[in-house]
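Asks: Generate the whole structure from the sequences, applying the supplied hints.
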Amino acid sequence: MKNPVRIFWSSYTRLLAQRPLLAQTLSTSVLMGAGDVISQKFIERRKGFDLDRNKNFWIVGACFLGPALSKWMFFLDRFFVGPAKVKMLKMVLADQALFAPPALFIIISFLSVLKGQSVEQWKNQMSENYPTILATNYKLWPVAQLINFNFTPLRFRYVHSVNACKLSGLFLVCFT
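Last residue of the sequence shown: 1395 (the working numbering), numbering continuous.
Just to be clear, a hint being listed does not mean it is correct.
Within a straight-line C-alpha distance of at most 25 Å, the following computed BS3-like cross-link-like pairs (lysine-lysine) qualify [said to hold, decoys possible]:
| no. | residue 1 | residue 2 |
| --- | --- | --- |
| 1 | 1309 | 1358 |
| 2 | 1290 | 1309 |
| 3 | 1334 | 1274 |
| 4 | 1306 | 1290 |
| 5 | 1358 | 1304 |
| 6 | 1274 | 1260 |
| 7 | 1342 | 1274 |
| 8 | 1290 | 1274 |
| 9 | 1290 | 1304 |
| 10 | 1306 | 1358 |
| 11 | 1266 | 1334 |
| 12 | 1334 | 1260 |
| 13 | 1358 | 1290 |
FRET-style restraints, in silico, Cβ to Cβ [claimed, not checked]:
| no. | residue 1 | residue 2 | range |
| --- | --- | --- | --- |
| 14 | 1337 | 1362 | 33 to 39 Å |
| 15 | 1236 | 1369 | 22 to 28 Å |
| 16 | 1230 | 1346 | 41 to 47 Å |
| 17 | 1305 | 1335 | 43 to 49 Å |
| 18 | 1236 | 1304 | 27 to 33 Å |
| 19 | 1333 | 1265 | 16 to 22 Å |
| 20 | 1353 | 1296 | 21 to 27 Å |
| 21 | 1220 | 1268 | 29 to 35 Å |
| 22 | 1371 | 1241 | 15 to 21 Å |
| 23 | 1359 | 1300 | 26 to 32 Å |
Hints are computed from structural coordinates only; laboratory data are not their basis.
All residues carry an ideal CB built from backbone N, CA and C; glycine is no exception.
Replies: This is the structure in structure tokens:
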């Protein structure tokens, strides 16, 4: 009998090689949904399960974060050159200065739209929560991306990013 984990991994790496954007988008969506499950069950300790909220995280992963992270990781790897350590530092700086602020803005906005919030509610949420979420991002992500860019092969970097995203996502769901 074949090992189901090996079968899954083989199928996944084949899909990743043949259709990287699709594989990375699906993975991001699944991992964002899983992060919300963890948040609801173990952090917030909800009695019930908010399926709509979970669905929203799946949608944001599939429609925005998955494709964006996939393209961003490939862009960073190709754009920056130089010795490995210098390249890695440039990538982290670019990631935190150019990607993180608009990505968080878009994620919060996307979730707000999916929840059916008014423009006024969105404005309040952005003014109350965006600075805190961005500041928390800067506490986690530079170290996470240093590890990611230094040790993770390019085609799997989005997985590391999304797993780190689950940590920051646990924080994010508390504010959105």
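Asks: Look at each hint and say if it fits the structure.
Replies: A quick look at each hint next to the structure:
1. Between residue 1309 and residue 1358 the alpha-carbon distance is near 18 Å, which keeps this suggested pair within the 25 Å criterion.
2. Pair hint residue 1290 plus residue 1309 holds up; C-alpha atoms about 17 Å apart against a cutoff of 25 Å.
3. Distance check on the hinted pair: residue 1334 and residue 1274 sit about 10 Å apart at the alpha-carbon level, within 25 Å; holds.
4. At roughly 18 Å between alpha-carbon atoms, residue 1306 and residue 1290 fall within 25 Å of each other, so this suggested pair holds.
5. Between residue 1358 and residue 1304 the CA atoms are separated by roughly 21 Å; this keeps the pair inside 25 Å, and the hint holds.
6. For a cut-off of 25 Å, the pair hint linking residue 1274 to residue 1260 stands: about 15 Å separates their Cα positions.
7. Distance restraint check for residue 1342 and residue 1274: the Cα-Cα separation of roughly 23 Å lies within the 25 Å cut-off, and the hinted pair is therefore satisfied.
8. With a CA separation close to 23 Å, the supplied pair residue 1290 and residue 1274 stays within the 25 Å bound.
9. Taking the CA atoms of residue 1290 and residue 1304, the gap is near 22 Å; set against the 25 Å cutoff, the hint holds.
10. About 21 Å separates the Cα atoms of residue 1306 and residue 1358, which keeps this hinted pair within 25 Å; it holds.
11. For the suggested pair residue 1266 and residue 1334, the alpha carbons sit about 21 Å apart, so the restraint of at most 25 Å is met.
12. Restraint check: the Cα-Cα separation between residue 1334 and residue 1260 comes to about 20 Å, which is no more than 25 Å; the hinted pair holds.
13. A threshold of 25 Å between alpha carbons decides the hint, and for residue 1358 with residue 1290 the separation of about 24 Å falls inside it, so the pair holds.
14. For residue 1337 and residue 1362, the Cβ-Cβ distance of about 37 Å falls inside the hinted range of 33 to 39 Å, so the restraint holds.
15. Look at residue 1236 against residue 1369: about 23 Å separates their beta carbons, and that is inside 22 to 28 Å.
16. Under the hint 41 to 47 Å, the C-beta atoms of residue 1230 and residue 1346, about 45 Å apart, fit the expected range.
17. Evaluation of the 43 to 49 Å hint for residue 1305 and residue 1335 yields a pass: the beta carbon distance comes to about 46 Å.
18. For residue 1236 paired with residue 1304, a C-beta distance near 29 Å keeps the hint of 27 to 33 Å intact.
19. Take residue 1333 and residue 1265: their Cβ atoms lie about 19 Å apart, and the range 16 to 22 Å holds.
20. Taken as a hint, the range 21 to 27 Å holds for the pair residue 1353 and residue 1296, whose Cβ atoms sit roughly 25 Å apart.
21. Hint check: residue 1220 to residue 1268, Cβ distance near 34 Å, so the stated range 29 to 35 Å holds.
22. Distance hint for residue 1371 and residue 1241: a CB-CB separation of about 20 Å, consistent with the stated range 15 to 21 Å.
23. Between residue 1359 and residue 1300 the beta carbons are some 27 Å apart, a value that agrees with the proposed interval 26 to 32 Å.
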